[in-house]
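Residue numbers (this note's numbering), protein chains in the order written: chain D, 1 to 547; chain A, 548 to 679.
Some hints here could point you the wrong way.
Which bits of chain A does chain D cover? Going by a derived footprint, with three or more residues having C-beta under 8 Å, they are [what the hints assert, rightly or not]:
{"hint": "1", "region": "588-597"}
{"hint": "2", "region": "603-613"}
{"hint": "3", "region": "626-639"}
{"hint": "4", "region": "651-661"}
Just so you know, these hints were derived from the structure itself, not from any lab.
Every value quoted in this text rests on a predicted model; they were computed, and no experiment measured them.
We put the beta carbon where it would ideally sit given N, CA and C, even for glycine.
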Amino acid sequence: MTTAGHTVAAHTFQAAGGAGEHRTLIITLFSVFVAITLGITVWAGRQTKDATDFYAGGRSFSGFQNGLAISGDYMSAASFLGIAGAIALFGYDGFLYSIGFLVAWLVALLLVAEPLRNSGRFTMADVLAHRLQQRPVRTAAGTSTIVVSIFYLLAQMVGAGALVALLLGASGEGSRRWIIALVGLVMVLYVTIGGMKGTTWVQIVKAVLLIAGTLLITVLVLNRFGWSLSSLLGHAAERSGKGRAFLEPGLQYGKDSTSKLNFVSLGLALVLGTAGLPHILIRFYTVPTAKAARTSVNWAIGIIGAFYLMTIALGFGAAALVGPKAIIASNESGNTAAPLLAQEVGGGAGSTGGAVLLAVISAVAFATILAVVAGLTLASSASFAHDLWANVIRKGSTTEKEEVLTAKIAAVVIGAVSIVLGIFAHRLNAAALVALAFAVAASANLPTILYSLFWKRFTTRGALWSIYGGLVSSVTLVILSPVVSGNPKALFPGMSFDLFPLANPGLVSIPLGFVLGWLGSVLSAEEAVARKYAELEVRALTGYGAH
Amino acid sequence: MDSEEAVDPASTTSERGEAKSEAVRPVIPAQPERFTQVQESPEFGELRRAHRSFAFPLTLAFVAWYLLYVLLSNYAGGFMGTRVAGNINVALVLGLAQFLTTFLIAWWYSRHAAAQLDPRAEALKTRLEAGE
């Protein structure tokens with residue numbers, strides 16, 4: 001098995017890149033997905049009449065449906081392609097991502113989902129506006145929502161570009177740009193035509209496809225190893241050339257004390273970031289009640305947990321069956337490990353089964369990217385229209401129609417911005433960008449959400465210090481980090497202003513966000529308005545007056 | 548409490564706008580001071596306690612357990628590499644244990660919420676809606 005896998009792997013790149021029939025099949029499957037989802041979008045668009053339909057899908061989804069949609073929104077290309085690749089190359093250290101991404105959901109379940117659903121309408125800022133001065137906090141929350149979403153969008157666009165370059169054999173810059181533009185166009189269509197209802201159904205379809213595809217590969221991998229996890233791990237360790245160390249922590253993050261600190265920083269960002277991600281938070285508004293929000297998070301935990309468990313089979317399977325050499329030859333950061341594994345378990349390069357599975361998994365990966373970018377575009381355009389435009393710029397004097405139109409225009413602008421950024425920022429590492437989005441969300445959004453809901457002495461100044469402090473510190477630290485300059489893999493490899501040693505800013509910026517929220521509140525001239533907190537707390541816990 | 552600062556013009560306008568757009572509800576809107584009364588009521592205190600005394604310690608516990616796992620991965624490589632069965636080592640077992648505890652905590656919280664939170668929340672909500 002091992003030797004056969006080796007020769008196959010050597011040809012994989014050419015097979016994946018050159019052969020016309022693979023390309024045709026991938027393009028066909030992908031077009032079918034786009035056609036079906038656009039059909040759903042148009043159907044959903046016909047039922048989208050008011051702002052509640054557009055922003056929250058009419059609050060008509062069941063807990064299970066929303067659980068699937070949350071999973072669809074959350075399992076991004078970085079999870080599917082990135083984690084499989086990280087495990088395939090770094091063994092156990094790659095698996096640590098999966099754990100952080102899952103445990104994080106408990107923060108959302110225990111502290112955020114239900115009170116948020118009870119006390120807000122469309123955005124995270126709705127909750128803050130109950131008790132704080134609404135214009136400054138909406139401006140701050142809207143700004144951080146858009147910044148987090150843009151980072152996340154950028155990561156998906158970069159991932160799409162890399163995937164295209166490899167799988168469709170689009171080696172030229174031209175085709176990569178066209179595909180990024182196409183992805184941007186389709187996501188804008190989903191959002192502007194279908195609103196939240198259309199986008200949610202796209203997420204549901206994508207989640208089902210992704211789980212089915214992952215399950216299929218997992219079954220085929222485990223079958224190869226006689227359903228023995230130990231045997232799979234043993235082969236992976238042997239093929240990796242690293243031996244037992246491949247199955248132990250430390251290959252990626254254990255080099256020195258800086259990389260160990262970086263790992264703690266990443267871990268903190270992952271576990272605290274999820275409950276502050278705007279595109280996840282707005283999903284809680286698509287169900288009718290807080291109880292349904294709880295059910296949807298439970299389903300999401302089950303589905304996402306099952307998916308991340310399967311990344312073990314995907315990652316170690318790719319290490320054992322494709323081998324690190326072929327994976328690195330195909331993509332330096334391992335992003336194509338999953339599609340290469342699909343080809344291998346389907347029968348290898350050149351076989352029909354291999355071609356079909358490669359095409360299926362690649363199409364699923366594209367579907368994943370499309371669905372996630374649509375969710376992000378919706379979150380950021382909703383925040384722009386509802387928070388910044390309607391309540392700050394127009395001071396609440398807009399009509400619903402005008403607000404929704406503004407959201408649609410914002411979606412077009414955000415789509416255009418992310419297309420341009422995606423085209424120019426292809427040097428950036430997709431996984432690092434996603435981890436950065438998590439760090440910004442955990443630093444700028446989570447402290448304010450938690451303080452607003454649970455701390456009676458929280459004030460507007462505390463919220464502003466926390467949001468802007470968390471936002472500015474995390475983004476600044478990233479700019480000064482090795483991700484941006486000072487080494488050959490950085491965004492600007494020729495320059496060096498890497499004053500901050502960690503790739504992920506979470507270790508510094510998350511505690512800072514919490515401390516600033518507290519400090520700003522105790523130093524406020526204004527006292528917290530007890531009556532307004534009473535209203536928020538009663539609404540959040542009882543569900544009274546929930547929209 | 549100072550009643551002068553009660554009215555925030557921006558929020559009132561928008562809330563009025565929101566109320567207009569929503570379907571007519573048969574609910575008597577609660578007066579602002581009503582929220583303070585409810586918040587200070589013993590029933591609400593029980594609901595708050597039932598949520599906080601469960602969710603806060605549990606959150607601290609699972610974050611600590613997760614960070615312990617991260618720190619062990621970082622600084623206790625030898626221990627984590629200990630083989631348990633075949634090629635399965637302590638690191639993998641603890642990683643899978645994180646999955647297991649996540650599922651268990653989600654289930655436990657939901658059971659707690661259904662038994663301790665939902666009935667209390669529902670009762671208070673009904674009272675507020677009836678305008679009592």
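We went through each hint and held it up to the structure:
1. 588-597: It holds: at least three residues are needed, and the region 588-597 of chain A offers 3 whose Cβ sits within less than 8 Å of chain D.
2. 603-613: holds (count 5)
3. 626-639: holds (count 9)
4. 651-661: It holds: at least three residues are needed, and the region 651-661 of chain A offers 6 whose Cβ sits within less than 8 Å of chain D.
Of the hints listed earlier, there is not a single one the structure fails to meet.
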